[in-house]
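Model the placement of chains B and C on the given structure of chain A, informed by the hints.
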Amino acid sequence: MKVLPVSYRLAVTSRVLAAVLGGYIVAALASVSLSLWASMPRADAVVTGMMTSFLAYLCAVIWCFACRSAWRAWLGLIVTSLVLAVVSGLAYWMGHS
Amino acid sequence: MKEGFRQAMAWLHTWAGLIFGWLLFAIFLTGTLAYFKDEISHWMQPEIPARSVSSEASLTLAQNYLQQHAAGASRWLIDLPDAREPGLSVRWQQSPAKRGERGQFTEKLLDPQTGAEVQGRETTGGEFFYRFHFQLQMPYPWGRWLSTIAAMVMFVALISGIITHKKIFKDFFTFRPRKGQRSWLDGHNAVGVLVLPFHLMITYSSLVIFMSMVMPASILASYNCDVRAFFDEVFPASSTPELAGKPAQLAPLAPLLERAREQWSGGRVGRLTVNHPGDAHASVVLVRDGADRVVHDFGSAVTFNGVTGHLLATTPEQSLPRAIAGSFYGLHMGHFAGPVLRWLYFICGLAGTAMIGTGLVVWLGKRQLKHVKSGVMPFELRLVEVLNIAGMSGLMVAVAAFFWANRLLPVDVAGRADWEVNSFFIVWGLSVLHAMARRGRAAWVEQLALAALLFGAVPVLNALTTPYHLGITLVQGDWAMAGFDLTCLGSGLFFAWAAWKMQRSGTAEAVIRQRAQPITPEREVN
Amino acid sequence: MLLALLLCYGGFTALCLSMDRHHAELLGCKPSARRRRGMKLGGWVLLALSLWAAVSSTGWGLGLVEWFAVLMLSALLLVLLMPYRPRLALSLAGVSLLISPVAAFAQY
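Protein chains in written order, with the working numbering: chain A, 1 to 97; chain B, 1 to 526; chain C, 1 to 108.
Treat each hint with caution, since some may be false.
In silico lysine to any residue, SDA-like type, Cα no more than 25 Å apart, as pairs [claimed, not checked]:
id, chain 1, residue 1, chain 2, residue 2
1, B, K170, C, S18
2, B, K167, C, F68
3, B, K170, C, L76
4, B, K167, C, G94
5, B, K166, A, R68
6, B, K170, C, G94
7, B, K170, C, Q107
8, B, K501, C, L80
9, B, K170, C, L98
10, B, K167, C, P101
11, B, K170, C, C29
12, B, K166, C, G94
13, B, K170, C, K40
14, B, K366, A, W93
15, B, K170, C, P101
16, B, K166, C, H23
17, B, K246, C, G28
18, B, K501, C, Y84
19, B, K370, A, R68
20, B, K501, C, L76
21, B, K170, C, F105
22, B, K166, C, E25
23, B, K170, C, R87
24, B, K170, C, A104
25, B, K167, C, K30
26, B, K170, C, E25
27, B, K179, C, E25
28, B, K166, C, L41
29, B, K179, C, A33
30, B, K370, A, V12
31, B, K166, A, W63
32, B, K501, B, G180
33, B, K170, C, G59
34, B, K167, C, H22
35, B, K370, A, W63
36, B, K179, C, Y84
37, C, K40, B, K501
38, C, K40, B, I162
Read the hints as simulated data drawn from the structure, not as lab findings.
Isolated chain A, as found in the complex:
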């Protein structure tokens, strides 16, 4: 097996961490956004949010390995998380005012 440079291994590790941890956060935020915005009874919205969250997780994981660098992987996830957080926050604030 050819010797791989440390920078390569670091990049791979970074992408894996982004996919596993960052992906989970994106999926969780996606489920929260959907469940807060869906115009269904609460339990149904939550169930729908949870069921679809794994698709979001899948997309996040694919992004982390398909994009051109590890930095972009993290950037993409962070931006997505912020957007979803704002969307959720908006729905939460609207629901409680």
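Below, chains B and C alone, put in the same frame as chain A:
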């Protein structure tokens, strides 16, 4: 990683598949066996007779038994027998000493024809495989977390595999045997693509089944962290009246079955719960059997007053999202499946297991070719080789050992159920040591041959240790017992063939090696 | 389920024959453009019919499950038979289509 989308997905598929492959192989194999867990349990407790009786008759027997033995209990639970689980199971719970605590449960298995207590040899039976495939013999809740993580990785591996397989339509019908590594990859693609609907369903549904545990964020956000409230809404607890304190005769339960069936326009009752039997406010909750339709309706129940028979409550129709979740659950469990469909579930499960297994073989085979000349394998590849052998053929030997332990351990030994399970793990562990001690090909041949011997001899073992051998069961029509013996025999023949093939290709490989072309998924892409 | 299975197997064989490589493997020559189109169309029609056969007898819930099951089983059977027993694979398709009217009669 700068090579392009397909290349990146090929990389992801290869590494995700390798790291979780052995765990997923074990999960898929034990999960596949679990589709026949009732039949396996029946074979492992041959003393318990399989009889078909009407639900009403069984229920009356159960009520009489409980009236005699558990009149003062706060709750009775009765699980009615069905085609695959012929036992009539009764449980009762004493009122707890302190409020909010769970009372103690007592469980008894009754003969559905006579109502007398039945005692089979102590064993976990087919339940072992069922529980292992999602709990992994780990303490709660770690096993479930790990198996759900594995399910997510499986999902990623499936999708990345589809993306990587550029010629998925062109090569749809392609299978070229007798061409070494090419054939293994063709096989991997065949069992992957042709059975893809099953693989996608089983993987995604396993995520949905544990979604409340692994993805609770939306529950916490929508219910202000009151998880209890969420579960009460999704599983509407039938409102059961409080204890009245006045004694009253419990009416016969059998007629309630028909009234429940009317409520559900068909359907079957799976379980009854009698709250406060013997009290004026006794209530009977009849829960629908999950097996009568594909979409699993959680908590579909009808409640009657136990003394007057008055209808107290019914659960509302399932909403669409909950019906979808119920579909995932129902499809994964396959409770609704009759004999033919159940065998198809089993075949699809074996295909999934084979998909993972062939993938692991391809991973190693492709990289082994680079080291053929030197004859020495680097540590990483040797590790993968040992894990492949022990994880696949070793696991099969362990399954056989589990069945052998059931017949060889004396019936009245204390803790024999635990020792059957221990046998499984001890033999599995020994297979790891064996794989480490022997050269790759030899280890494969020896373990496959052992599996062939152990599985093939199961009918003989059965005949020598019990009176329920094939000569009897085929004549009497006990298809579960006979089917088990015959399937083990068939598996034994398959492993014998596999061992023989392995042995043969070892001698032929020396010649083929020079001409072999390494096949890689990346090359596939080009 | 039997009718759906027979139609599925026949349909998959037709689709398989619509591909140059497999047509050559099974029948020894490359298909003409007309045959290719005919096989493709016939294959899809048979698969659609098998879906209808599955759903019309047991409803959408169980019917869809049964259809996917026979779909996967017949595809597996065809692909595993082809390299070892190509003539058997073909004749099974022929027999399936021949006895499907009988199966249809039995179902309805």
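Comparing the hints with the structure gives:
no.: 1; hint: K170/B / S18/C; in the structure: holds, 11 Å
no.: 2; hint: K167/B / F68/C; in the structure: holds, 22 Å
no.: 3; hint: K170/B / L76/C; in the structure: holds, 16 Å
no.: 4; hint: K167/B / G94/C; in the structure: violated, 28 Å
no.: 5; hint: K166/B / R68/A; in the structure: holds, 21 Å
no.: 6; hint: K170/B / G94/C; in the structure: holds, 24 Å
no.: 7; hint: K170/B / Q107/C; in the structure: violated, 35 Å
no.: 8; hint: K501/B / L80/C; in the structure: holds, 17 Å
no.: 9; hint: K170/B / L98/C; in the structure: violated, 28 Å
no.: 10; hint: K167/B / P101/C; in the structure: violated, 35 Å
no.: 11; hint: K170/B / C29/C; in the structure: holds, 18 Å
no.: 12; hint: K166/B / G94/C; in the structure: violated, 31 Å
no.: 13; hint: K170/B / K40/C; in the structure: holds, 13 Å
no.: 14; hint: K366/B / W93/A; in the structure: violated, 56 Å
no.: 15; hint: K170/B / P101/C; in the structure: violated, 31 Å
no.: 16; hint: K166/B / H23/C; in the structure: holds, 21 Å
no.: 17; hint: K246/B / G28/C; in the structure: violated, 87 Å
no.: 18; hint: K501/B / Y84/C; in the structure: holds, 16 Å
no.: 19; hint: K370/B / R68/A; in the structure: violated, 29 Å
no.: 20; hint: K501/B / L76/C; in the structure: holds, 22 Å
no.: 21; hint: K170/B / F105/C; in the structure: violated, 36 Å
no.: 22; hint: K166/B / E25/C; in the structure: holds, 22 Å
no.: 23; hint: K170/B / R87/C; in the structure: holds, 22 Å
no.: 24; hint: K170/B / A104/C; in the structure: violated, 32 Å
no.: 25; hint: K167/B / K30/C; in the structure: holds, 20 Å
no.: 26; hint: K170/B / E25/C; in the structure: holds, 15 Å
no.: 27; hint: K179/B / E25/C; in the structure: holds, 16 Å
no.: 28; hint: K166/B / L41/C; in the structure: holds, 24 Å
no.: 29; hint: K179/B / A33/C; in the structure: violated, 31 Å
no.: 30; hint: K370/B / V12/A; in the structure: holds, 24 Å
no.: 31; hint: K166/B / W63/A; in the structure: holds, 19 Å
no.: 32; hint: K501/B / G180/B; in the structure: holds, 12 Å
no.: 33; hint: K170/B / G59/C; in the structure: violated, 33 Å
no.: 34; hint: K167/B / H22/C; in the structure: holds, 15 Å
no.: 35; hint: K370/B / W63/A; in the structure: violated, 32 Å
no.: 36; hint: K179/B / Y84/C; in the structure: holds, 13 Å
no.: 37; hint: K40/C / K501/B; in the structure: violated, 37 Å
no.: 38; hint: K40/C / I162/B; in the structure: holds, 23 Å
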